[in-house]
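The listed protein sequences correspond, in order, to chains U and S. Here this note's numbering is used: position 13 in the first sequence is 13, and no number is missing along the way. Here this note's numbering is used: position 103 in the second sequence is 214, and no number is missing along the way.
No wet-lab data here; the hints were simulated from the structure. None of the values given here were measured: they were computed from a predicted structure. Among the hints, a few may not be true.
[Stated by the list, open to error] Label pairs and their computed distance ranges (CB to CB):
{"#": "1", "chain 1": "U", "residue 1": "Thr-5", "chain 2": "S", "residue 2": "Lys-177", "range": "28 to 36 Å"}
{"#": "2", "chain 1": "S", "residue 1": "Lys-177", "chain 2": "U", "residue 2": "Asp-27", "range": "23 to 31 Å"}
{"#": "3", "chain 1": "U", "residue 1": "Ala-78", "chain 2": "S", "residue 2": "His-196", "range": "43 to 51 Å"}
[To be verified] Below, in silico cross-link-like pairs of lysine to any residue (SDA-like), each with a Cα-Cα straight-line distance of 25 Å or less:
{"#": "4", "chain 1": "U", "residue 1": "Lys-1", "chain 2": "S", "residue 2": "Gln-117"}
{"#": "5", "chain 1": "U", "residue 1": "Lys-1", "chain 2": "S", "residue 2": "Phe-178"}
{"#": "6", "chain 1": "U", "residue 1": "Lys-42", "chain 2": "S", "residue 2": "Asp-138"}
{"#": "7", "chain 1": "S", "residue 1": "Lys-152", "chain 2": "U", "residue 2": "Ser-85"}
{"#": "8", "chain 1": "U", "residue 1": "Lys-42", "chain 2": "S", "residue 2": "Ser-165"}
Cβ coordinates follow ideal geometry from the N, Cα and C atoms, glycine included.
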Amino acid sequence: KQEVTQIPAALSVPEGENLVLNCSFTDSAIYNLQWFRQDPGKGLTSLLLIQSSQREQTSGRLNASLDKSSGRSTLYIAASQPGDSATYLCAVSDTGNQFYFGTGTSLTVIP
Amino acid sequence: GAVVSQHPSWVICKSGTSVKIECRSLDFQATTMFWYRQFPKQSLMLMATSNEGSKATYEQGVEKDKFLINHASLTLSTLTVTSAHPEDSSFYICSASSWDRSSYNEQFFGPGTRLTVL
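Modelling step: build the complete structure from the supplied sequences, incorporating the hints.
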C-alpha cells in the first residue's frame, strides 16, 4: 500500500525566506502528484498538479518538482509571506483513481 | 477551477441521530466522488469512493452500514452518518473528479463539513 510522508511536520520561518517542503512516497507507480494548502478548519486548495511524466510545475512563487524514480517531490516557496502560513499536504494518485495523502507540513511565516 | 460545494458546513447533533452531508459539483459532472475524514492535526483518510449509479467502495475499517453513501446523479453525492456517536465527530471532506473536466485525474475538493456529536 502506498505510504506518503512529509518532512518536516512543522516549520517556522521569518518573512522573506525561501523554503522547501518535502514529500516522499513508497510506490513509484503513480499517475500524478498534487500539492494542496489547507487553512485551519477549512477545505483543501489545490496549488500544483504534476503528472507522472513531468518533472516540475510552477505557479507564481511556488515550484513543485517530482522525481518519480526516487519517490520524492519538493514544494519550493520563494519569498515567503505571512499569508503563506497554512498546512501543506501532498497527495499521490495511482492509476486506479485512488489518492493517498501525506501527513502534512504546518508552516508558520513570522512577520 | 472546478467548484465543489458541501452542505452543511457545520452540524451539531445528539448522539444516536443521523446526519446527512451533501456534496455537489457545481460546474461539471463528476463521474467519481470521494469522501474523506480528517481528525484534528491529522491528514485526510479516504473513507470511500463512489461512482455515479453504482455502490460505493469502502476502505478497510470503514463501516458501510454506518456511513451510507449515495451517488445518484453526476452532480450529487451524499454521506449519511447513521446513529452518530461522539467518536464520529470529525471534519468530513468530499472531492470529485471527472475525466471530462481534467485529463490529469485531478481531484477538486469541497470546503468540508465539521460534525460534532454531543
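Check whether the Cα positions of Lys-1 (chain U) and Gln-117 (chain S) lie no farther apart than 25 Å. Violated, at about 29 Å.
Lys-177 (chain S) paired with Asp-27 (chain U), Cβ distance criterion 23 to 31 Å: Given about 30 Å between the Cβ atoms, the range holds.
Hint check: Lys-42 (chain U) vs Asp-138 (chain S), CA-CA at most 25 Å. Holds or violated? It holds: about 21 Å lies between the C-alpha atoms, which stays within 25 Å.
Does Lys-152 (chain S) pair with Ser-85 (chain U) here, judged by a C-alpha cut-off of 25 Å? Cα-Cα ~15 Å, so holds.
Given the proposed pairing of Lys-42 (chain U) with Ser-165 (chain S), does the C-alpha separation stay at or below 25 Å? It is violated: about 29 Å lies between the C-alpha atoms, which goes past 25 Å.
Given hint Phe-178 (chain S) paired with Lys-1 (chain U) - CA-CA distance at most 25 Å: 23 Å, holds
Holds or violated: the 28 to 36 Å window for the beta-carbon distance between Thr-5 (chain U) and Lys-177 (chain S)? 30 Å, holds
At the C-beta level, are Ala-78 (chain U) and His-196 (chain S) separated by a distance inside 43 to 51 Å? 46 Å, holds
Hints 4 and 8, counting from the list given before, are not met by this structure.
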